[in-house]
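J.: In case you want the letters, here they are:
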Amino acid sequence: MSELLTDIEAIRAQFPILTREVNGKPLVYLDNGATSQKPQSVIDAVKHYYEYENSNIHRGVHTLSQEATAAYEDVRKKVQKFINAKHDHEIIFTSGTTGGINLVASSFGASLVRRGDEILITAMEHHSNIVPWQMLCERRGAQLKVLPISKEGEIDIEEYKKLIGPKTELISLVHVSNSLGTINPIKEMIAIAHAQNIPVMIDGAQAIHHTPVDVQELDADFYVFSAHKMYGPTGVGVLYGKEELLNDMPPYQGGGDMIKSVTFEKTTYNELPHKFEAGTPNIAGGIGLGAGIDFINSIGFDFIQAHEAELSRFAVSQLRDIKGLRFIGTAKERAGLVSFVLDGIHPYDTGVILDKLGIAVRTGHHCTQPVMNFFEVPGTVRASFAVYNTKQEVVKLVEGIDRVKRMF
Amino acid sequence: MVGTVTNIEEKELEIIEEFSLFEDWMDKYEHIISLGKELPLIEESLKTDDLLIKGCQSKVWLHAKLEKGKVIFTADSDAIITKGIISLLIRVLSNQTPTDIINTDLTFIENIGLKEHLSPTRSNGLVSMVKQMKLYALAFRTQQNA
Ligand SMILES: Cc1ncc(COP(=O)(O)O)c(C=O)c1O
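If you're matching them up, the sequences are chains C and S in order. Just so you know, the working numbering puts 163 at position 163 of the first sequence, and the rest follows in order with no gaps. Just so you know, the working numbering puts 122 at position 122 of the second sequence, and the rest follows in order with no gaps.
Think of the hints as simulated: they come from the structure by calculation, not from any bench. Heads up, a few of these hints could be off.
[What the hints assert, rightly or not] The list that follows gives simulated cross-link-like pairs (lysine-lysine, DSS-like), each with its CA atoms no further than 30 Å apart:
no.	chain 1	residue 1	chain 2	residue 2
1	C	Lys-25	S	Lys-37
2	C	Lys-405	S	Lys-59
3	S	Lys-131	C	Lys-356
4	S	Lys-37	C	Lys-323
5	C	Lys-356	S	Lys-68
6	S	Lys-115	C	Lys-145
7	S	Lys-28	C	Lys-161
8	S	Lys-115	C	Lys-396
9	C	Lys-356	S	Lys-28
10	S	Lys-59	C	Lys-323
11	C	Lys-323	S	Lys-11
12	S	Lys-59	C	Lys-151
13	S	Lys-131	S	Lys-68
14	S	Lys-59	C	Lys-356
15	C	Lys-396	S	Lys-65
16	C	Lys-151	C	Lys-162
17	S	Lys-115	C	Lys-405
18	C	Lys-405	S	Lys-68
19	C	Lys-25	S	Lys-47
20	S	Lys-54	C	Lys-356
21	S	Lys-37	C	Lys-396
22	C	Lys-396	S	Lys-59
23	S	Lys-115	S	Lys-47
All figures in this text were calculated on a predicted structure; none of them were measured in a lab.
Extracted from the complex, chain S is given alone in its bound form (with noise of 0.2 Å):
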């Protein structure tokens, strides 16, 4: 028996599947390209500064809100394949426990050959928009233990 898989694991696991499907780089940015046009946008009055994470290439907003328990992701980003990787993120996180959001390391990224978009160097928000998914599920589990 193999331990358990959570949620976001599976998720992950969907993705790796799906991205196994290309063959070429092209194919898999075009990929990336119409997943960042589908994401559904952040709500305009959403758009708020506080909500931006300022990469220095790339703008990314981020929203989040706890509903039963899960946390649930919102964001956009005014470059289309920050916002692909960005739909990818919200597919696997949103709609997730804070203590597994906190708990999970992404390897799903490294796996379907996107590292370097989450990599500082790239200063496009999106390794900040990460870390401010994590600390939004540990800021609400506080709020949920308290």
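The shape of chain C in the complex, shown without the other chains (with noise of 0.2 Å):
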């Protein structure tokens, strides 16, 4: 095996945009948990495809077509390794998280949802993981149910198996929070559910680049991610299921590579993973998201996850002092981001003085309004962070809360 990277800077090297400046200062960008920044070897990727491979896929006997098809079945081989998932099949490209969890809402809701049943989530789910839940639930006459989180951002196992009930379909959670840094203890919460025959969709849009998931270990039915929350492209995420729920799902979307024949009497569809892969895919993405595996794969889990908890203990144990700071979300189990609010201060004023500085963070309700309404609070500001960041950052981060404090 080749040197794993684990110099901060020779890392940063690789992110061309880290280079710029904005409104005059150097780029400070905290805003991972939004979209991560790529490398090098991404546009690179993305930009080889466009020059040298570009043509459609599983469709041509040509050169080019086999060419890129193969470049894009090796990612989802990638992918299968990544999450250790047991066939590559289970490996279905989608638009992102978004896609994913609305490809399961659709068509594993459609094909065992009923009027009565229920769906759980829980409290700090991102407005993806709730919404397309409603709109099936709406559809079906189903209900949805929600697990409360604590003060603290917390669910509370006990109550968690009390609202687990006979008419529960399906459980859907998120690994961990975008809006609060909790890390949800899936493993034990999908092992409660399986003994009562349900099955668990875990929304891992901001888990996948912070930590090695095994879906296999953590027995998920299905897992959904975005490629550019992992150094990858836009547009472009996985779903992973598994094969006998995926088997017996109907198809989401119908067109082409998604059939095995089509008369206007009758068609029949193709196996999987195409079954649900249906019209021209992101090919350029999802061969921007093999190298984003690549960059990730490069560097390692060991030294990402140790790079991060220390910016996260850094950047809490810095703001702490400062005064009228408050911290949303202080679970103790916590990934890759602080999120606070300044007293008297509303987060849009602070967003907007640290951008006069050159630092990006997030503000407002990260797309978690309930979350946001629990907390009383109009949104926060969230420091989110990926192994290129340093703690040089997080100081620039303190300084510009500072002066954000003194200006209002």
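Reconstruct the complex from the two isolated chains, following the hints.
T.: Here it is as structure tokens:
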């Protein structure tokens, strides 16, 4: 195995965007929860595809199509290995986390959920893991149950057990919360659900780049994530599903690639994974996703986890001393981000001034309005870390907040 | 002889001059923040949902009434910078005739380097607020002509 890359300056040097200035200041990019920056290798992979291999996949005998198909299908195998799925046909390419959740809600939901059934989610879900289920429940006359969270932003396993009942058809949980940073004990939660034969879907959008994911060890039934939060391109993501479940589910969208034969009387559907991949996919994006995984592997999760945990710890220790700063989300197990509010200063105002200082953070409700309502804040300021962030950047954030406090 | 300068354009020029004094962004923003803090608040009883313009990032309340042929705007926001910019918009657009309000381009915002705040991507409610101000003006003019 080649040597792992663990020098931050060398890692930073791979990200062209990190050298740019914003508002005349060096960019301090702390909005990785929204999307991570892309290393040169990912940019090059996408460019190389368009320059040398571009053609449609699964449909041509000509060389370019064969090469593009092979490159795209190699990524499927790479993803399989990355999350340790049993089969490569359990890897369905989607447009992203949202695309994956909607696929399961529509397809699995349509075949299984009936009037009176229940879907269980938590109070810390991203809108992407709320709205598709609401829509499904409305269509089917089912009920959406919500597991509450504590003031620390944690769920209570005993409450969880109580909410699971004979009518629960599916549970969908966030692995790592994007607004609170909470890491949920999903392995335990999956086991509890399985004891009652209830399948569990995991929204891994904020986990996949922070922590190794082994879908077999977790025994997750579905696991979804987006490439763009793991150093890859936008517009592509993955739905992992267990073979048996995916086979039982009806197709989601109809079109090319997902069929075996079509007549006006009857269409027979293709096998996995193509059954769920109608139409020409985001081929370049898929290839970029593969390069993103290579990038993560070139560093390794040991370093990534240690570095990001160190950054979070450091950020908490520095921010804690700021008067009037209140953390939102103080769970014991947290990953990759700090979320907070400043007494008497609106998150939007904080974000505008930090931006003037070249510091990119996310402000607002982070697509988790129920979480904001629960904590009774209009939004939070969120600094979320990636492997290329440094302690100096955290110091700049702290100085920036001091500046904000003096201005308001 | 130059064309007639409307009341609105006069106010815009005033603001442009006021802002030309600031050398760096800090001074400018500090001024906006103090404007935001000074803005007379909309009456609490008027901060109702039907006057609320929801931006993704900050909330804006806008109230309008017609008095002696002029539109009187009052507004508020939960974010101070948004409120400071509202205060400028009100200074320019309140107490003007519906027709003048409908016809103005509000070029001063770009002129003083605050255009980014009136961009839909900011989702701070200001774009919708300006649209709403013009809609009020339009409604009042229709009323007047009826
Ligand atoms: C926890 C979580 N779920 C879902 C999503 C939606 O991801 P995407 O917009 O890539 O579909 C996000 C992204 O912000 C997220 O953080």
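J.: Now tell me, hint by hint, if it's right for this structure.
T.: Going down the list of hints, with the structure as the test:
1. Distance check on the hinted pair: Lys-25/C and Lys-37/S sit about 28 Å apart at the alpha-carbon level, within 30 Å; holds.
2. The suggested pairing of Lys-405/C with Lys-59/S holds, with an alpha-carbon distance near 21 Å, which does not exceed 30 Å.
3. Annotation: proposed proximity of Lys-131/S to Lys-356/C holds, straight-line Cα distance about 27 Å (limit 30 Å).
4. For the proposed pair Lys-37/S and Lys-323/C, the alpha carbon gap of about 21 Å is at most 30 Å, so the pair holds.
5. For the hint pairing Lys-356/C with Lys-68/S, the CA-to-CA distance comes to about 42 Å; that exceeds 30 Å, so the pair is violated.
6. Taken as a hint, the Lys-115/S and Lys-145/C pair is broken in the structure, with Cα atoms around 44 Å apart against an allowance of 30 Å.
7. At roughly 55 Å between alpha-carbon atoms, Lys-28/S and Lys-161/C are farther apart than 30 Å, so this suggested pair is violated.
8. Pair hint Lys-115/S plus Lys-396/C holds up; C-alpha atoms about 26 Å apart against a cutoff of 30 Å.
9. Of the pairs offered as hints, the one joining Lys-356/C and Lys-28/S holds, with about 12 Å between alpha carbons and a cut-off of 30 Å not exceeded.
10. Taking the CA atoms of Lys-59/S and Lys-323/C, the gap is about 26 Å. The hint holds against a cut of 30 Å.
11. Between the alpha carbons of Lys-323/C and Lys-11/S the distance comes to roughly 40 Å, so the proposed pair goes past 30 Å and is violated.
12. This hinted pair checks out: Lys-59/S and Lys-151/C have alpha carbons roughly 25 Å apart, not beyond 30 Å.
13. About 23 Å separates the Cα atoms of Lys-131/S and Lys-68/S, which keeps this hinted pair within 30 Å; it holds.
14. With a C-alpha separation of about 21 Å, the suggested pairing of Lys-59/S with Lys-356/C holds against the 30 Å cut-off.
15. Of the supplied pair hints, the one linking Lys-396/C and Lys-65/S is violated, its CA atoms being roughly 46 Å apart against a limit of 30 Å.
16. Straight-line distance between C-alpha atoms of Lys-151/C and Lys-162/C comes to about 20 Å, which keeps the hinted pair within the 30 Å bound.
17. Among the hinted pairs, Lys-115/S with Lys-405/C is consistent with the structure: their alpha-carbon atoms are about 24 Å apart, no more than 30 Å.
18. In summary, the hint linking Lys-405/C to Lys-68/S is not supported, as the alpha carbons are separated by about 43 Å, beyond the 30 Å threshold.
19. Proximity of Lys-25/C to Lys-47/S is assessed by CA-CA distance (about 39 Å); at most 30 Å being required, the pair is judged violated.
20. Taken as a hint, the Lys-54/S and Lys-356/C pair is honoured in the structure, with Cα atoms around 24 Å apart against an allowance of 30 Å.
21. For the suggested pair Lys-37/S and Lys-396/C, the alpha carbons sit about 27 Å apart, so the restraint of at most 30 Å is met.
22. Pair hint Lys-396/C plus Lys-59/S holds up; C-alpha atoms about 29 Å apart against a cutoff of 30 Å.
23. Distance hint between Lys-115/S and Lys-47/S is fulfilled; the C-alpha atoms sit about 27 Å from each other, no more than 30 Å.
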